[in-house]
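Asker: Taken in order, these protein sequences are the chains called A, B and C.
Position in the first sequence (first residue = 1) + 1087 = our numbering.
Position in the second sequence (first residue = 1) + 561 = our numbering.
Position in the third sequence (first residue = 1) + 193 = our numbering.
Keep in mind that the hints were calculated from the coordinates and are not lab data.
Cβ coordinates follow ideal geometry from the N, Cα and C atoms, glycine included.
Fair warning: there could be bad hints in the mix.
[Claimed, not checked] Not everything, but these chain B residues come out facing chain C in the computed CB check (under 8 Å):
id : residue
1  : S672
2  : A682
3  : R790
4  : I792
[Stated by the list, open to error] Below, a sample of chain C positions facing chain B; criterion: calculated Cβ distance under 8 Å:
id : residue
5  : L205
6  : G218
7  : F220
8  : I226
9  : I227
10 : S255
11 : D303
12 : F305
13 : S308
14 : V317
15 : I325
16 : V380
17 : V390
18 : L391
19 : S392
20 : Y393
[As the list claims (entries may be wrong)] DSBU-like, lysine-lysine: derived pairs with alpha carbons at most 35 Å apart:
id : chain 1 : residue 1 : chain 2 : residue 2
21 : A       : K1223     : A       : K1248
22 : C       : K300      : A       : K1242
23 : A       : K1109     : B       : K608
24 : B       : K731      : A       : K1142
25 : B       : K606      : B       : K731
26 : B       : K655      : C       : K343
27 : A       : K1206     : B       : K736
28 : A       : K1210     : A       : K1242
29 : C       : K327      : A       : K1109
30 : B       : K791      : A       : K1210
31 : C       : K327      : B       : K614
32 : A       : K1231     : A       : K1157
33 : A       : K1183     : A       : K1248
34 : A       : K1173     : B       : K736
35 : A       : K1206     : A       : K1183
36 : B       : K606      : A       : K1109
37 : A       : K1142     : B       : K791
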Amino acid sequence: MSYIIRIDDRLVHGQVVEGWIKALGFDSIVVCADEVYCDELSRQLFEISVPRHIKFLCYSVELTADSILKSVYDKMNSLILLGSLKDLKQLVKFVKEKLPTYTFPPVNIGGIRYVPGRKQIYKALFLSKEDLNIIKEIVSFGLKLEYYVLPRDEKIPLNDKIAEIEEIIEEKET
Amino acid sequence: MKIPIIPIFFRSFFLQSVWNYERMQNVGFVFSLIPWLRRLYSNDKKKLYERIKAHYGFFNTHPYFASLLIGIVMRLEEAYSRNEVDSDQVMRTKTMLAGPIAAIGDRLIWSTWRAFCGIFAVCYYILHGQFFYTSANIIAGILLYLIVYNFFGHLPIRLLGIFFGYNYSKEVVVKISKFQLQKVLEVIRMIGITILLFSSFIYSISISDNFMLAALFWTNILLAIVLSRKIAEVVVFALLVILNISLLGLLQ
Amino acid sequence: MLFSVQVVYISLIVSLLHLDVLVFGQFMFHRPIIVGPLVGILFGIPEYGLLMGVIFELIYISVIPVGIKIPPDATTAVSFSVMCYKFSSGCIVIPLAIGILAGFLYKRLDLFTRSLNSMVISWVDTAEEETIIKRINMLIWYGLVSTYLKTVLFYLIVFPVASYFTVNLCRFVSQYQIYQNIVNLTVILPSIGIGVVLSYFIEK
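Chain A with its partners taken away, still in its complex shape (with noise of 0.2 Å):
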């Protein structure tokens, strides 16, 4: 039993349900977003895509990190579903100051898509630099990111790959 962390910014939708939480048998889904996503409304609009017989909670990055220090997920087969990078960057600090300690298992980006500013670096994956300073900070507290969009996909570790990414970035700022 255990979880897996999962950015993208579309966080439930269509290849989530199909490919992850169907193929892989998850028991409980997690929507680690602030309030403007866990609003009633939102929960409601989530609970219509998400299988009926999966868990389905929605917390803020602060009760989501404190779920995890008290290994809740640890007991169960969880999808932790982040819609930024930034909200990973916060649960991360969140969980190492109250457990500098805690590993975390290999975050899985999964996609954050073009929005004006963004350049593309893989097919669902569009950085531009602040992203890529944030996962810089991501990196230096331990994390180990990787780029796959489905659970059989090549796994691309990105920690390895921030300086080509940041020439990628810097390349087509003209």
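Using the hints provided, position chains B and C relative to the given structure of chain A.
Answerer: For chains B and C alone, kept in the frame of chain A given last:
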């Protein structure tokens, strides 16, 4: 405000014209929104182009229910033009609703309504028995399928979606999901299964003079039901065809 | 006639129906139950068009365009099956198999062109203000026209090959005892499709 519903309704059919992996339905979405943005920012070209570019980002949802989201975004853009909300809120609502709407649409339309219409049309033909493909009126079944599917499913959603999205905003999505959908879908499925079984029965009677074929008919159905749980549909089909040919060869 | 005026104008018409799959409307004109009989009528074999239409429709009723699974394209599969049936002298399995293969090939082509679209859309990102709307409109046209042309080309190129294989494979098969079994098979083919649909409906 009065909305230019007909131009937007017409443009919504092109939602996926430039579908791409990077941003999916983005081009079609912005294309549908342009008449409204033009009206909102008729005096401010700069704002107009800015909003068009803003909506050119990633977008993916069910093609029919996208109309609902278009209506909702129209309402949000109107509020934005009056400085009642900021751009972030507009974009966030748009992204947040896209997923659940896609889920609802997939279950409602592709899984249930289209499947039901398909069964309806197929059974219309199968009911004619063994030589249905010579005796049935070809055009009748096709017209039945297209008219029922489009006029009672597809087109109302595309048209009314814009209207309801604009007038009732986010709440409408939750209303739809709560609207005892499960029961309705159950009923439609039950009717579908019944029609299918009944037609199969009639068909198998028409081939019953050759007992072996009739037995094979029902064996196929049972095998296909069992196999389809684990294996993809096309593969099941291929496997069973090979099996059938071999069995027919052995038993001849 | 492996390559004739008939094939050309059928390709032109069916390619229009292909637009309904993704780039325009989704009115379900592209479904096997429509395309099968239509191609059959155009090709002079309406009954077999209907037969193929029914069989493929049953298979594809439960196939849903979500997520990862990429099944062969239904429209291509059924139209190739019908068109090749004319050359198969009753040996139904061969056109069916070839149809599914063609559907598979077409799907690959389709996925490739969708990747091309990713590059095309950046044309609007770099647009200056006044040209944005014009460029978006042109992209829409591009989407429609490119899909249409690629489909027509696919039919014109692949169909002669497919029909050639149909004729020869069927000739090969008809030497053997299997042939009579295949003709019997025609009668019970719908049952497989029915089973697939029932499985889907019961499970959900």
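Asker: K300 (chain C) and K1242 (chain A) were given as a pair; does the straight-line alpha-carbon distance stay at or below 35 Å?
Answerer: 26 Å, holds
Asker: CA of K1206 (chain A) to CA of K736 (chain B), is that 35 Å or under?
Answerer: 38 Å, violated
Asker: For the hint on S308 (chain C), just tell me whether its beta-carbon gets within less than 8 Å of chain B.
Answerer: 6 Å, holds
Asker: Run the distance test for K1109 (chain A) versus K608 (chain B): straight-line Cα separation, threshold 35 Å.
Answerer: 44 Å, violated
Asker: Decide if the proposed pair is consistent with the structure: K1142 (chain A) and K791 (chain B), CA atoms, cutoff 35 Å inclusive.
Answerer: 25 Å, holds
Asker: Does R790 (chain B) pass the interface check with chain C, least Cβ-Cβ distance below 8 Å?
Answerer: Where the cut-off is 8 Å and the nearest Cβ of chain C is about 6 Å from R790 (chain B), the hint holds.
Asker: Straight-line Cα separation of K327 (chain C) and K1109 (chain A) no greater than 35 Å?
Answerer: Violated: K327 (chain C) and K1109 (chain A) sit about 43 Å apart, past 35 Å.
Asker: Was the hint right that I227 (chain C) lines chain B, CB cutoff 8 Å?
Answerer: 6 Å, holds
Asker: Taking 35 Å as the top limit, are the C-alpha atoms of K1231 (chain A) and K1157 (chain A) close enough?
Answerer: 22 Å, holds
Asker: Is it true that the CA of K1223 (chain A) sits at most 35 Å from the CA of K1248 (chain A)?
Answerer: Judged against 35 Å, a Cα distance of about 11 Å means the pair holds.
Asker: Are the Cα positions of K1183 (chain A) and K1248 (chain A) separated by 35 Å at most?
Answerer: Holds - the C-alpha atoms of K1248 (chain A) and K1183 (chain A) are around 24 Å apart, at most 35 Å.
Asker: Take a quick look at whether K655 (chain B) and K343 (chain C) sit within 35 Å of each other, Cα to Cα.
Answerer: 33 Å, holds
When the structure is compared with the earlier hints, violations turn up for hints 4, 5, 11, 12, 23, 27, 29 and 36 and for no others.
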